[in-house]
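Trainee: Listed here are the chains, written in short residue letters.
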Amino acid sequence: MKLIACTEGHSSKIEAFSLEMIAAARSLAQAGDEVVAFFAGRDTEGASASFGAADRLIVARATKSDVIPAETYALLLRDVITAESPGLVLVPYSANGLDVAADIAARTGWPLVSYVNEIKRHGESLTIVAQMYGGKILAECEVQLPAILMINPGAFAEAPPGAITAVSVQTIDADPALTSGKVKMVAIDVPDYADVDLTTAERIVCVGRGIGDEASIDLARNLATMLGAEIAGSRPVVDNGWLPKLRQVGKSGQKVKPKLYLALGVSGAPEHLEGMSQADLIIAVNTDPKAPIFNVAHYGATCDLFDLVANLSDRLRAGSGR
Amino acid sequence: MNILVVLRMIPDSAGELQLAEDGRSIDREWLDFQLNDFDDHALEEAILLKEAGGAKVTAVAVGEGANRVLQMAAARGADEVVALQSEEDAMISSREIAASIAAMARAKSADLVLCGVQSSEDVFGQLAPYVGALLDWPHVSGTNRIVANGAVLRVTQERGAGVAVTYELATPAVLGVQTASKAPRYVSGSKLREASKTPIGRATPESSGFERSAEIITLRLPVQGGSGENLGGNAETVADRLVSILAAKGLARN
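Chains as they are written, first to last, in this note's numbering: chain R, 827 to 1148; chain S, 114 to 367.
Incorrect hints may have been included.
Partner residues aside, some chain S positions facing chain R, computed with beta carbon under 7 Å [said to hold, decoys possible]:
hint : residue
1    : Met114
2    : Val236
3    : Gly255
4    : Val260
5    : Gly273
6    : Tyr280
7    : Val300
8    : Phe323
9    : Ser326
10   : Arg333
11   : Glu342
12   : Gly346
13   : Val351
One-sided excerpt, in silico: chain R residues whose CB lies under 8 Å from chain S [unchecked claim]:
hint : residue
14   : Leu924
15   : Ala931
16   : Met958
17   : Val969
18   : Asp1015
FYI, nobody ran anything at the bench for these hints, they're computed from the structure.
Don't be surprised by glycine CBs; every beta carbon is placed ideally from N, CA and C.
Whenever a hint applies, use it, and build me the whole structure from the sequences.
Mentor: Below you can see the structure in the form of structure tokens.
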């Protein structure tokens, strides 16, 4: 059986989760199986230099666009599926993968399971553990092959990076599909990280929906200042306009790895955990004892966050002599 | 432009979720159902597009409390509201409802289908790409800005780490909305009362058409708490402990 691991990269950067997809496929491959990595983009050299853990690499090489719209990626992938007849296609849960996985599932008729954390193979079927309801429930699913899985970044350790032999690389021209595609990229906006770069911050105080309103963020901001930390927010806080986008932590925000991550009123949706679960020290404060943030926290407290911020601020202020 | 916007009612997962006796679903008896957050933004984007360039907005709702949310949609500016019949006490699977939404899009000659980028029940895949693929219309998810210029759409998509990509595509199209260009608007009680008279259409579901799907065997609650230490619920005690922990790790201050 062939297992296709979908990989991604743009702006001369291969996404780390690409190696996780290859590792996931590798872990499911049995004797005689073949792990085929699929890459669509401009940085085909980067893909060839990194995806040596796969048996083969199929690259759809684009010369005219740095970003491949998901629809074009899906079209190229469909051609590969038709040619290779795989038993399993693994797609990362990313902005691109979100569109690709269900598109392919609809057009092939194959089953799809999303938000996958664990996979076990039993011959021609799989049992899968997937997340539902923001990570509050785990669903054990069964699926017959062929199938498509959309896998959570971080669910599998990265395959070791390394070059793949040239003879194992097959190159497809992606330009015709990009030219004829219905969705055209017209601009890519990469923010200026000069003002704040959470990815390099050593200490972060992150506020979630539990902070209640914009004015209350000042309390957390003052605490952050005392700790020498950057203030950050989860998606609802940024969506409400209470903090700028560059201060959002999570899947569609920044992926951070500080020495201290103090989460105040953050529930811990999978999209948020993806951005911060690698922090060295995670302290979470949430009145809901079942909040998923506690699954990754090193220390958790269920007190009122405002009471805690007041008490903690008092102690830190006293300690600093101010 | 004819816009069809999909509104899914989902359990309020901010509260406690209990498993049902069959072990394959959650107990819905005492749950609050609310409009999927992302669908709320999709509705707002539809109304913003209507205000910017003129459009007929049809809101279709599915799930527990659909009538209530359709009245809210009418109060916010939807021109027509339709409840898509769904199985009671069952999760709303995008894979299952995609064919119904595609059929409605065709029947209403929709130029644009909008829905939230995802819902917390979408364990078998997301709605926008399913509907886009079934209709063979272009689709983009994760949008946070949509501008229409006649039949041409400019759509901005969040790609993570603050990176945004803008695409151009022609209608008819399907878009999964992450965030509306403006926050969902407030509707006054008087507008809601007025909208309560809006007739609610009914639609019967189409068969999903998929021969094979994955199956949920069992649901379970994740192991809570991980390996972390619980500091308890007393703010004073917690603050004392945290100061000690931070000091011990050299993190108390600069």
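Trainee: Of the hints given before, which are not true for this structure?
Mentor: 1, 4, 7
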